[in-house]
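If you're matching them up, the sequences are chains A and B in order.
Heads up: the first sequence begins at -3 in the working numbering, then just goes up one per residue.
Heads up: the second sequence begins at 4 in the working numbering, then just goes up one per residue.
Read the hints as simulated data drawn from the structure, not as lab findings.
Remember, it's a predicted structure, so these values are computed and weren't measured experimentally.
Where is the CB? At the ideal position from N, CA and C, for every residue including glycine.
Take every hint as true, because none was put in to throw you off.
Output of the computed footprint for chain A on chain B, the stretches with three or more beta carbons under 8 Å from beta carbons of chain A:
#1 165 to 175
#2 186 to 196
#3 213 to 225
#4 248 to 254
#5 302 to 314
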Amino acid sequence: MNWLTNFIRPGLRSLVGEQKEVPDNLWQKCPSCENMLFHSELKAAHSVCYHCGHHLKIGVMERLALLFDDGKYEKFPLPNVPADPLKFKDKKKYADRMRDSQNKTKEKDALVIAKGTIGGQDAVVAAFNFDFMGGSMGTAVGEGIVRAAEKAVKHKAALIIIPASGGARMQEGALSLMQMPRTTIAVNMVKAENLPYIVLLTNPTTGGVSASFAMLGDIHLAEPGTTIGFAGRRVIEETVREKLPEDFQTAEYLVDHGMVDAVVARKDQNAEIGKILTLLMDTSQEYVREEKPRKNGKNGNGGKGKKQKGDKKSSNVTRLSIKKGKQKKAKTRTQPEQEQQEQQPKRKSASG
Amino acid sequence: MSQLDFEKPILELESKISELRNVEGDSKVNIAEEITRMQNKVERLLNQTYSKLSPAQKVQVARHQNRPHYVDYVERMIDDYTPLAGDRNFAEDYALPGGLGRFRGQSVVIMGQERGHDTESRLHHNFGMARPEGYRKAQRLMKMADHFQIPIVTLVDTAGAYPGMGAEERGQAEAIAKSIETCLNVGVPIISIILGEGGSGGAIAIATADRVYMLEHSIYSVISPEGCASILWRSADHANEAAAALKLTAQDLYQHKIIDGIIKEPIGGAHRGKKETIDLVANQIEKALKELSPWTPEKIKKERAEKYLAIGRA
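So that you can see chain A by itself, here it is in the shape it has in the complex:
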């Protein structure tokens, strides 16, 4: 490889006579605008087409690095569950498919659990790995979501789930179906503690995954162009026997139909989720909420000393929405509140 292979498109290569020396995977075509994308530039753009903004698939570890503050997080192992409970076999044994996916991804199953901060707020993230059997949800994934929810509750952190899944894993039959109530129980544990549960929908989110925890978030965000729906496009076309609109079941379509709050580009996800978490979890406001769900001790300094760009602005916004009304005892100030105020004398005087 030399400077020539970096800058010359594959079509031109034959003219230059370079073809044989160039590995196939250096260039790829954007599935949306069909412009050629060079691997290093695509990687630098986090797999977003630098011609048209189309979001291509991104590896789950790269996604986590992008989402957490400074790319720093702690990864947790998936809980152990019985393997291949049905001894399922189609053209190939499920046990073999599992082994292949495990070898390919170096992961135990299609979910990665990690903890870190986003916008300075503690967050537990459960992200699907589409490279592992299409991100399908079986017992291990369901159990992983339960584990992630328990971690969020334990650490008084927000829970962020990032589905990228065709749905339930057929090879575990009705046990996969049972992950729909099981994951619903999981996210309800987080909700019961008044901790934020945010879903970041990524391509694709369909079937049993969309029809359970993925549609139960306090807030639903989605990556541009993500396919989100219950039934598959082809099944629907066969049922209704008509052509469906081009943007049917896209993230943008779901915003229009009231199912998703906002479409957020990949590069903005850390900032956007960080902002939302800060608005929801920031305890530095004069309106004191119930003690139970708040972080003890360390909460006061929302950004852990790390100044966030939007900090000032966001606290103004929260002050305006103080009359939300879900707070019951608004009289007493908690210890952390006082600490916070000592750190921010300006706010103290403002709140009188």
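Using the hints, position chain B against chain A.
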């Protein structure tokens, strides 16, 4: 569809019996003997056949059009049935009827999918495939049951939630998800019976229950065998293999501790004894309600969550 291929020898015998009955008038006593003999044989064959149905055959039986449906159950086991319509948001969904009624003296909220019994009623009920408004009505009725502390009975019989454009536009996934969540959050007992076909998300949306029972020849699956075959075998022709691989029979689900019990069907399947089947189902519901009625709302919710969390954990 009304005839099951593996029942052919039985059906042939039965038609011979009815032929013999017609000639009985002008013949002697030995014909009556012959009929009894043949009837015994029919019974023996039914017993044999139905005691070892393959998973694929169970799929056929579960979908049999003469099996008792939601309306049959309501008619036979519910007094003062008061159908309630609409999700208070968009529409009524005739695929998922529901209402108030009295079950053996106890007020209940009852709901379930209805497939219809002829072309007209099948179209009216959309073949038992509910849209979002059906699942939103289910939520409404469950919350009402919770409010008035009335137990809930759900009867599941669906190929799945309706895969239509309008259904997607109005949030089929969200409606099912919320329905599951509502099932988990109500503080009154929920008893769920899989009558015929328990089709994936469309079934679990109303079958996340304290007690789930399946009729002996019903099925409950994450995907239809045809759908599974077309994805994994790349051809729906392999549906029989898929039916076996998916472990979708009542016996399989009981073995994997996903359901709480199996309700025996009359010899030769529910389609040969509607009333008997309905009574057996009603007995099971009564038993379950008796067991759960002393539980406090907190205990009900806690036990329900723990039950589901335990599924699949070794």
